[in-house]
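Visitor: Dock chain B against chain A, hints included.
The listed protein sequences correspond, in order, to chains A and B.
Numbering of the first sequence is given in the working numbering, commencing with residue 46 and proceeding in unit increments.
Numbering of the second sequence is given in the working numbering, commencing with residue 2 and proceeding in unit increments.
One should not assume that every hint holds.
[Claimed, not checked] Simulated restraints on C-beta separations: (1) A:155 x B:44: 32 to 40 angstroms; (2) A:322 x B:96: 45 to 53 angstroms; (3) B:50 x A:80: 16 to 24 angstroms; (4) A:71 x B:155: 23 to 31 angstroms; (5) A:327 x B:44: 25 to 33 angstroms; (6) B:44 x A:307: 52 to 60 angstroms.
[What the hints assert, rightly or not] Derived, one-sided and incomplete: chain A residues facing chain B with beta-carbon distance under 7 angstroms: (7) 68; (8) 170; (9) 205; (10) 333.
If you're looking for bench data, these hints aren't it; they were derived computationally from the structure.
Only a predicted model underlies this, so the values are computations on that prediction, with no experimental measurement involved.
Think of the CB as a built atom: it goes at the ideal place given N, C-alpha and C, for glycine as much as any other residue.
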Amino acid sequence: MTASAVPAAPAAPAKLAPPPPARATLPRTFGAMMAREARVMRKNFVSTFTRVLVQPVMFVFVFAYVLPKLGGGAMAGGAGGPTFSTILLPGLIGSSIIMQAMMAVIFPLMMELTWQKSITDRALAPVPIPLLAVQKIIAAAAQGLIGGLLVFPAVLFIHADGEAPKVHVDNWPVLIVVMVVGSLLSASGGLLLGTLLNPQKVQMLFAMVLLPMTMLGCVYYPWSALENIRWLQILSLFNPLVYVSEGLRSALTPEVPHMPTWAFLLAIIAGTALLTWAATRTFTKRVLT
Amino acid sequence: MTKPPQAAPPETAPAETASPETAPGEAAAPEADQPEIAVRTVGLEKTYAASGQRPEVPAVRGIDLDVRRGEFFGLLGPNGAGKSTTIGMLTTLVVPTGGSATVCGLDVVKDAVAIKRRIGVVSQQNSLDSDLDVFENLEFRGRYFGLSARDARRRADELLELFGLTEQRGGKPFEISGGQAKRVMICRALMHGPEVLFLDEPTAGLDPQTRTNLWEVLRGLQAAGQTILLTTHYMEEAEALCDRVAVVDHGEVLASGTVDQLKSNAGADTVITVAYDSAAPEEVRGLSERTGISKVEINGGQVRVFAAEPEGLLGELVAIGAGAGVGVTDATQLRPSLETVFLTLTGRDYRE
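Excised from the complex, chain A in its bound form (with noise of 0.2 angstroms):
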C-alpha cells in the first residue's frame, strides 16, 4: 500500500470549504495543547507509569519487606526510632515526583529538537514561545504529581509486619505546595537540561544527573541526619530533590527530623521561578535559530 495505489484521488481538492470560524486566543490554543498531552498521556499510561513506579516499588519491597524478614537490624532506624519505611515513604514519593517530571519533558523534546525538528508542529501554533516552554512544563508537572501519586499505595502497603510507615499528614498546605511546585521545580529542571544538552548525551544525564540526585537526594536519611558528613550536607543543598524529600517529610512523617518548612519552600518555590525564566530562554533560542 504505497502513495501509488491512490494516484488519482487527490487531484482536486479545489472545493475546499473555507474552515469554520475560529478564536484562537492564547488560553484557547493553551488549553488545546494540555488537551494534547491528557491525549498521549492516557494513550501511553501503563508504559509511562510502569517506568516510574518500578524503582520505588523494588525498593520498599526489599528494604521494608525482604531485608527485615531476614533480620537485617542494618536498616532499623534504631530502638524506637522511624522506620526505615517511614523515612523511605516521603523520599521515594519525592524521587518518583522528581523523576517522572525530568523523564516526562526531556524524553520528548530529544526527538521534538532533533528528529525531523517535530517542534515545529506546535512551535507553529499562535502562541508566543516562551509560553510554549511554559506549557510543555506544567504538562510534564503534571505527569510528575501523578506519578508522585501512584507510588503512595505503594510504599504505604508494602512492608513487614511490624514495619508500617508511620504517617499522618500534618500540614495539608505544606503537603500540596511542596507536591505540586516540586513537579513544576523539576520539570523546568528537566526543560532546562533537556535543551541546554546535546541530544546525544542524554545517557549521560542519566547517568551522571539523574542517578547522583536520586542516591543524594536524602530519599534514604533525612538531612539532618548527614551532620555527620558535613560537606555532604552542604553539597546536598544544591539538590532540588532534598528539598522536596525534606518538604514531603515535614508535611508526612513530622516525627522524623527534617528542614524548617521556610528552607524547602523558599528553596522549592524560588527554584521554580529561576529554573523556569532560565529554561524558557534556553528553549526559545533551540526553536528560533
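Guide: Then chain B, alone, in the frame of chain A:
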C-alpha cells in the same frame, strides 16, 4: 566569469512589468499596495553566528521579494541557496539578522503570533506529531488554531477525504508513505484556512508519480484562490507550477519574474556545451562576433555558446574541432529553460 554582479535590472524590472499577466482575472491595483501584497521582504538577511569550529554562515544576504495575493510564487535555487532559511524567517521560526519582512502586512519579528494565525506551513521534513495519529494531528492543529473540538474533527475528516487519505486516518505519521505524509502535512497546514501557504521543497525525495500527484493538489489549491509560496530546487517544478519565480543562489536573488520573462530577460538563449579532448580551437572564439550568438565561454577544452539562433551550431562546433584535429568527447544542447537562465546568471551548471 559572466556573473552580472547585482542583476539589478532583471531583478526589479520584470516584477513591475509582470503585473498584467501574473494576476490573471484580478483587477490588480496599479500600485501594488498593502492589501494586494501577501509577502514582502526588503533586504532580508540571515547570518548564523559562528559556533565552535564553524565560522559564521551568511545564509541569506539581502533578499527583496513581493508575493501578491492569489499568486503561486516559487523560490528556485540549488540546495544551500538560502531558500529554507528565507521560508523560516517568513514563518517566524528563524529570526532575521537584517532587513525586514512582512506577511499579510504584519512584521515577522514583532507580530509573530498574529502571522502564525494567518499562515500554513509545510516543512521539508516530516514534522508531524509522532505521538498522535494522522487524524489527531489534524484535529489538534485545528484546535491549536481556535476551532472547537467538534469543528476540528469535522474539518479534519473533510480534508482527509478531499486528499484521498481516509484510509490513512488512524495511521501513525511514520508508518505512512512519504507522499502520504506530505499530503497529511498539507491538510494540517490547511486546517485553519491560512491566507498564505508556505511549502518548503514539497516534492523533494518523492517518486515522480507522487510528485505529479502533488502538483495537481497544489494547482487545485491555487485555482481555489490560495496564495502559495514554494521553494524548490527542481527547475521543472518551478516551471510547471509557479506564476512567478525568484532565482536564488548563495543567499541572493539573481532574478525574478515569470518564467517567460526570465527566459527572455536574463538573456536565456539556447546553450550549447561542447567538450573537446584538448584545448579548444582558436576559431571558436570568433563565433562570438556572429549575430544570433550572444556569448562564447571557453574554459580549457570546454566551450559554451549562448545563442538565440542555435541552428546548425552544434555541427559547426564539431566541424571546427575536426578541422583543427581536435575530437569531441561530449556535447549537449539545452533549449531556453530555467536551467539556461541559471547558467546565464551564474556561469555555473545548476547541479554543479
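Visitor: Each hint: holds or not?
Guide: Each hint tested on the structure:
1. Evaluation of the 32 to 40 angstroms hint for residue 155 (chain A) and residue 44 (chain B) yields a pass: the beta carbon distance comes to about 37 angstroms.
2. In this structure the hint that residue 322 (chain A) and residue 96 (chain B) lie 45 to 53 angstroms apart at CB is violated, the actual value being about 20 angstroms.
3. In this structure the hint that residue 50 (chain B) and residue 80 (chain A) lie 16 to 24 angstroms apart at CB is violated, the actual value being about 37 angstroms.
4. Checked against the hint of 23 to 31 angstroms, the pair residue 71 (chain A) and residue 155 (chain B) passes, with Cβ atoms roughly 24 angstroms apart.
5. For the pair residue 327 (chain A) and residue 44 (chain B), the supplied restraint of 25 to 33 angstroms holds, since their beta-carbon distance comes to about 30 angstroms.
6. At about 56 angstroms, the CB distance of residue 44 (chain B) to residue 307 (chain A) agrees with the hint of 52 to 60 angstroms.
7. Interface restraint check for residue 68 (chain A): the shortest CB-CB distance to chain B comes to about 5 angstroms, inside 7 angstroms, so the restraint holds.
8. Among the interface hints, the one on residue 170 (chain A) holds; its C-beta lies about 4 angstroms from the nearest C-beta in chain B, closer than the 7 angstroms criterion.
9. With a least beta-carbon distance of about 41 angstroms to chain B, the hint placing residue 205 (chain A) at the interface is violated under the 7 angstroms criterion.
10. Satisfaction of the interface hint for residue 333 (chain A) is found here, the shortest Cβ-Cβ separation to chain B being roughly 5 angstroms, below the 7 angstroms cut-off.
When each numbered hint is compared with the structure, violations occur for hints 2, 3, 9.
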